[in-house]
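**Student:** Here is what each chain is made of, one letter per residue.
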Amino acid sequence: MDPSKAITAGSAGDRSAEDDRRTVAADRDDRRDETLVAQVLDGNQRAFEALLVRHEPRVLRVLRLLGVPPADREDVAQEVFVRVFRFLGGFKPGNPFAGWVYRITVNAVHDYRGRVGRRRRDEAEWMPGLEEVVSNEGLPERLDRGMDLRRQLELALNVLSERERAVFVLRELEGLSTREVARSLGITGVTVRRHLGRARRSLQRALEEAGSAKKTDFR
Amino acid sequence: MRPRKATKTNRNRSETLDRALGAWHASEGSSEALSAEARDAIFNEFRRLHASGGRPAAHQSLFLPATRWAWGAAVPILALSLLVGSVLLTQGPYDRGVLVSPHPRVEVSKAGENVVFVIQNGHRSHTVSKSTDPASVGSAETFTTTTGRFDDRLDSGTDIVYYRID
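Which chain is which? The protein sequence lines are A and B, in order. Just so we're aligned, residue 1 is where the first sequence starts under this note's numbering, counting upward by one. Just so we're aligned, residue 220 is where the second sequence starts under this note's numbering, counting upward by one.
Only chain B is shown next, with the shape it has when bound in the complex (with noise of 0.2 Å):
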């Protein structure tokens, strides 16, 4: 029972606003009218836009012939930019964007206690090996850099130090 009375008291609200709407749709139809000062005023404001050339202008597409063209001619050469630019990237002496040379430069220097050595050629990473002994260099110690930039601590005396990179 209780849905029914509840669907009535809906039926019944929803009349009262239906009813309304009924009686405003029947009534309404009065042409409301601008007085002639407010049209006066709106044809002056017209004018005067269109004196001073504000009149509207008419929705154009911005893709006239002359940018049609320019942008056509901009497309392949934007796309050839690409192509070269890419291959480039992946192809030539560039490793991730950063130039990689055919002919790795290593500089050592001394600084305080220190050797440093920097090696240029694309912050590959590096494995060096320290050893006293030139033929066992290889199978000696060795230390993995990424930064391009290997620092050892000097020993002191009077052995002579070689160092491998790979």
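Okay, chain A solo, but in the shape it has when bound (with noise of 0.2 Å):
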């Protein structure tokens, strides 16, 4: 069964029940994580451990998306994860603690950006994601190389600008609400429509010129 219909399939009352159970699964992580970030701030390391643990796949998963390569992306963790310690008076229960996590990482990742910009201005070894992309031009036809479509959409994000990125990412990939991505990224709801909606042409143009080269070079 083509995955993608797997994900499309499926009637309006299905499709409730199970906002329904992610909602459900959500409150009880965000009391679970409320608990945990009331005993690292009593000093409890074994809570910060588990807090790491619970949150880690996320912020790498993130990471992974938003452009960090890969040698680079477990210092950039590490970044993450003390900003987060330092900060943990900052949070205020109540609020979803993915969504403050998700805001510290999205910034980690542009400080990292701005950083890596500046040392390596002049060169061409920076690539935001994959390491075979050396520049967007020509995307399309890198997009055509038998990969799969999950692999494409990956590389495609390379088409975006940082902000574009960080809102399809947040928004698309890991289904954050519109207030949500608004609230982790500090920009109004407005900004983030408009960015998703700029960043869905700009994937949707590069997938289909992908698409479009695979079919001219099979006649």
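Hint data in this document are derived by calculation from the structure and do not stem from the laboratory. Just so we're clear, the structure is a prediction, and the values are computed from it rather than from any experiment. The reader is advised that the hints may include incorrect statements.
What the hints assert, rightly or not - Where chain B lies over chain A, by a calculated footprint (3+ residues, C-beta under 8 Å): (1) 50-64; (2) 80-87; (3) 152-158.
What the hints assert, rightly or not - Under 7 Å between C-beta atoms, here's a sample of chain B residues computed to sit facing chain A: (4) E251; (5) A255; (6) F362; (7) T365.
Unchecked claim - Anything over 10 Å on all C-beta distances counts as not near chain A; from chain B, calculated: (8) L236; (9) R238; (10) S246; (11) E256; (12) A260; (13) E264; (14) V294; (15) P295; (16) S328; (17) N333; (18) F336; (19) V347; (20) G367; (21) D370; (22) T377; (23) R383.
From the three backbone atoms N, C-alpha and C, an ideal C-beta is built for every residue, glycine too.
Bring the two chains, given one by one in their own frames, into a single complex with the hints.
**Tutor:** Structure below.
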């Protein structure tokens, strides 16, 4: 079965039930996070370890999607968790802890890009994302090398600006609501929707061009 | 016909991305994890910060009990000060913030060929009348000053000149 159909198939009732299950699970996660945060603030290192284990897959995934190369990913993740610990006192209970971690992660990536950009301004070594992409020029041709759709999509993220990419990743891939994305990035909901629309159009174009290039090759 | 064609194109465009998103969500089950070295580095940093007193402080309101009492006591004092100040400024010996003496002082001096009157009573406007006849000085030629200072050129001769300042 086509995986995309597995996602899009299903009645409205099924989707609603699934949404409800997700909401309940998210609430339970938030409560668990808040308990752990309170324990960390009391000096409990085990609680910090538990927080790290709970959130490290998410942080690493977002770092990958935001284009941090594998060689630097753990360093940036380390920076994220140190910031999480340092600024834990600023976390306001009642808000989703995951959203707060997203915000710190996006900020850490922004700082990382700034550092790398300054260091390698005149070099072509810095590539946001996968190593084989040297620039966004000719990206559709690169997308055409028999990649699966998932890999194509992640590679196509390189056509987006930093802000568009962050919005698209959080909204479409991480599944946050527009409001949560806005809060995580410190922008308005209108700006989120504008960046999302632009990002979707750019990605559609990149993926379509890759698809048409592939068809041309087959003739 | 054209709108239908455009809609179909848009749907096709959207389908390309939606299919990719569907594929991404269907296959994104991998749970990435930090290496043991990276975790150790984070925990070492945690311990270092903790030992150096760099542990995060819980979110606390600035309004601790003592602060609350201090602010609470300051509010009536501040309100009373504002009240007294406003009363003095509007009804006391002040006019728009300038001291108004109940006994205005007038200083007269000669500066070169001029006689100078300085009226110290709060920069109110004044009418100055001038005449050589004390009986008609009120209806003589008048000048208005708003700065509290009035200059007049001295006449030569032996006549006495009378000034009236209202």
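**Student:** Minimum C-beta separation from E256(B) to chain A exceeding 10 Å: can you confirm that?
**Tutor:** violated, 8 Å
**Student:** Would you check whether the claim that T377(B) is not at the interface survives, using Cβ distances to chain A and the 10 Å cut-off?
**Tutor:** It holds; T377(B) is separated from chain A by about 86 Å at its closest Cβ, greater than 10 Å.
**Student:** Should the interface hint for E251(B) be scored as holding, given a Cβ-Cβ cut-off of 7 Å against chain A?
**Tutor:** holds, 4 Å
**Student:** P295(B): least C-beta distance to chain A exceeds 10 Å?
**Tutor:** holds, 33 Å
**Student:** Mind checking the CB of A255(B) against every CB in chain A and telling me if the closest is under 7 Å?
**Tutor:** violated, 11 Å
**Student:** Between the stretch 152-158 of chain A and chain B, see if three or more residues pass the 8 Å beta-carbon test, and mark the coverage as holds or violated.
**Tutor:** holds (count 4)
**Student:** Beyond 10 Å from chain A, beta-carbon-wise, is L236(B)?
**Tutor:** violated, 5 Å
**Student:** For the stretch 50-64 of chain A, do at least 3 residues have a Cβ located nearer than 8 Å to some Cβ of chain B?
**Tutor:** Satisfied; 6 residues make the cut.
**Student:** Beyond 10 Å on every Cβ pair: is that true for G367(B) relative to chain A?
**Tutor:** Holds: least Cβ distance 57 Å, greater than 10 Å.
**Student:** Far enough from chain A: is every CB of that chain over 10 Å from the CB of V294(B)?
**Tutor:** holds, 28 Å
**Student:** Is the hint on F362(B) kept, meaning its closest Cβ partner in chain A is under 7 Å away?
**Tutor:** violated, 64 Å
**Student:** Hey, is D370(B) genuinely clear of chain A, shortest beta carbon separation above 10 Å?
**Tutor:** Answer for D370(B): holds, closest chain A Cβ roughly 64 Å.
The structure does not agree with the numbered hints 5, 6, 7, 8, 9, 10, 11, 12, 13 stated previously, though it agrees with the rest.
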